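The end of the sequence shown is residue 733 by this note's numbering, with every number in the run present.
By construction, these hints were calculated from the structure, which means they are not laboratory data. Please read these numbers as outputs of a predicted model, since none were measured by experiment. Every residue gets a Cβ at the ideal spot worked out from N, C-alpha and C, and that includes glycine. Mixed in with the good hints, there may be bad ones.
Claimed, not checked - Label-pair restraints from in silico Cβ distances: (1) Ser183 <-> Pro695: 33 to 39 angstroms; (2) Ala232 <-> Lys593: 53 to 59 angstroms; (3) Arg184 <-> Arg256: 21 to 27 angstroms.
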Amino acid sequence: MLATIVRSSLAAPRIVTALSLLVALLGTGALLGARLDVFPDFAPPHVLVQVEAPGLDATQVESLVTRPLEDVLGGAENVEAVRSTSSQGLAAIQVVFGRGSDPYLQRQVISERLGGGSALLPPGIGPPQLSPLSSSMEYLLHFGFTSDRLSPLELHDLVRWTLKPQILAVPGVAQAQIFGGESRERQLWVDPVKLNAAGVTLEELSEAVRRATLISGGGYLETAVQRLVLRAQAPAESLSALGQAVVATPAGVPVRIGDIAQVRDGAAPRFGDAMIGGHPGILVETSTQYGANTLEVTRGLEHRLEILATQLAPRGVRYHPALLRPASFIESAIAKLRNSLLVGAALVVVLLLLTLRDWRGALISFGAIPVSLLATIWILGLGGLSLNTMSLGGLVVALGVVVDDAVIDVENITRRRRAAGASADMRSLLLEASLEVRRPVFYATAAVAVAFLPILMLSGLQGAFFRPLATAFLLAVGLSLLVAMSATPALCALLMRHHQPRAEPAWLGSCKRWQRSAITGLEPRAAPVLVGVVLSGVAGLALLPVLGARLLPDFRENYLIAHASLRPGISLLETSRVGERIAARLAAIPGVKSVAEQIGRAENGQDPDAPNKSEFEIQLEPSGRATTGQLEARVREVFEQFPNQLVEIYSVLAERIGETLSGNVAPFSVSVFGPDLDVDDEVAGGIAALLRKLPQSGTVRLQVPPRQPELGMQLRPERLSLYGLQAAEVLGA
1 MLATIVRSSL AAPRIVTALS LLVALLGTGA LLGARLDVFP DFAPPHVLVQ VEAPGLDATQ
61 VESLVTRPLE DVLGGAENVE AVRSTSSQGL AAIQVVFGRG SDPYLQRQVI SERLGGGSAL
121 LPPGIGPPQL SPLSSSMEYL LHFGFTSDRL SPLELHDLVR WTLKPQILAV PGVAQAQIFG
181 GESRERQLWV DPVKLNAAGV TLEELSEAVR RATLISGGGY LETAVQRLVL RAQAPAESLS
241 ALGQAVVATP AGVPVRIGDI AQVRDGAAPR FGDAMIGGHP GILVETSTQY GANTLEVTRG
301 LEHRLEILAT QLAPRGVRYH PALLRPASFI ESAIAKLRNS LLVGAALVVV LLLLTLRDWR
361 GALISFGAIP VSLLATIWIL GLGGLSLNTM SLGGLVVALG VVVDDAVIDV ENITRRRRAA
421 GASADMRSLL LEASLEVRRP VFYATAAVAV AFLPILMLSG LQGAFFRPLA TAFLLAVGLS
481 LLVAMSATPA LCALLMRHHQ PRAEPAWLGS CKRWQRSAIT GLEPRAAPVL VGVVLSGVAG
541 LALLPVLGAR LLPDFRENYL IAHASLRPGI SLLETSRVGE RIAARLAAIP GVKSVAEQIG
601 RAENGQDPDA PNKSEFEIQL EPSGRATTGQ LEARVREVFE QFPNQLVEIY SVLAERIGET
661 LSGNVAPFSV SVFGPDLDVD DEVAGGIAAL LRKLPQSGTV RLQVPPRQPE LGMQLRPERL
721 SLYGLQAAEV LGA
């Protein structure tokens, strides 16, 4: 088969060369239009369901909302796990499906299940909502806004109603979560004395507000010649109009809302906040749609934001770009791959020029490298695979084999031509020279490929990560072998037909003689050499247990994420004050470019964090004076100055992998199940105490800490009867 391929290439060298150029052009087009991402889709298909439960504490949310929905969703087909978090006013349920499931089909199944599950929820509970379908990495771009001129209420209105629709209009943006600011709402500040004097109840006042703000269709009016649509406007579109709405008319005298209450705009209760550089602001977190090109979407969003920033500057709004930007990791990986290819190609050219002293051979070898890699990228694109750090890593690993294939054939052909002289038959010489080295190289390449094949059979997280690397490597190696058997001989036949190579350099002959003498000297000592090799292998195996094992190495990123937790029950204001002090000290570190903090949860956010929890996003700017590792150590020192909180610091990629796969960033976690939350807390605390005693245990944190302080309220039925009240009336007050 090898001889047939080489012989066919030599029979039609121009056609083979033209096909090689065509493949290179197709690969270039595939590279320019490739879907670029940080990682392959490592997370199994999952759906996040959120339910707003205003006024309910975490225990009530767990029993009244979370458990009924878990029972409904857990019975769906192909469900592998159901994880949930219940917090004050919010239930978040994550349903994880088996790998290989169609994410769109699973979302449809969950939607159908929720249709029946909604009937199990108590009155007043919001409808279950599905979070947008996003990529495994999820993070797209985090940015912020601050203003010395606008109030938190005005700044939030600007971002929520003006900027957010334009952000979501960028192709590929799945979601935009807003942290910080104050959400506007209309409020009635009721005067109890005036309410009692007017003889009006809170229920009557609430009903009056509902009637005054009700928007209803007016239908149409039919005449003899036309039909007129009736458009009904809400009677109370302004605050003053709402204040004039009538609540009741005792003794024919109207009692208006403004008579018993102040009507004004105010801020809704907040469950989260944001700090940018230690100052209050608004943090916007965007996520990538499933299957979108992360790099392309990021650049499109940044372009849109730059236009918006110029429009906001006259209004006193400052735009803080790229507080967290995963696309930088992709750009860095592509730049390093490009540099590796350029260095490899340059070394090949220099080596061939020094050894062959022939620009033709250098050109042939140099051309084989991009053809092999571009053909690999083209086939990856045909298979619907993205270019990510793992597949790019496979190309970098394969670069050594690709360069080797590019050099061996040209060097052997040149050597055979030099020995045969100008009178030798060119086609026969090319065939014999190519097959002479190609057979052993083919067997060596096959051995390497067989070693990589088990990686393709990995399942779970390991398979999701390493299959793209192995696929890219095997494709590049196989295509490089094909190029060496087809394009390289064809180019040699075209460019070296009438060219006689120069004599071998003297220094190269000296190196060969030294190598020959070394091999000759070792031949009589084969047994000791073999024993030494075996002992070296055994020593290497003995070191494996002490080296440790990790799924992925530490990535060199310029972003850190710090999860901080104060004591349960700490207010949002106190968490903000502590965060402001931490941010000021972090910003004082040379090499820290920006610090952003999100506290609690966003409005309609995916993470149901309590007000005592915050997340710092720290952008580093390494320089010659401080490396990334040194900056991370200084960041840890700052957090250690605040001992009353638990802190975990991760790279962005490690944080996303952990949270996406298990809902927990830690490499090891213990789950405690039981019907009694107090017993669960006690058992979990005991396990945490035991783990802290283990050597090198690091940070041990309770994922769900002891419940926050509560004020209990028990209604007395006899008192309700005495005053003629219902429980709902008292609780609604």
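Can you give the numbers of the hints that this structure goes against, from lowest to highest?
Violated hint (a single one): 1; every other hint is consistent with the structure.
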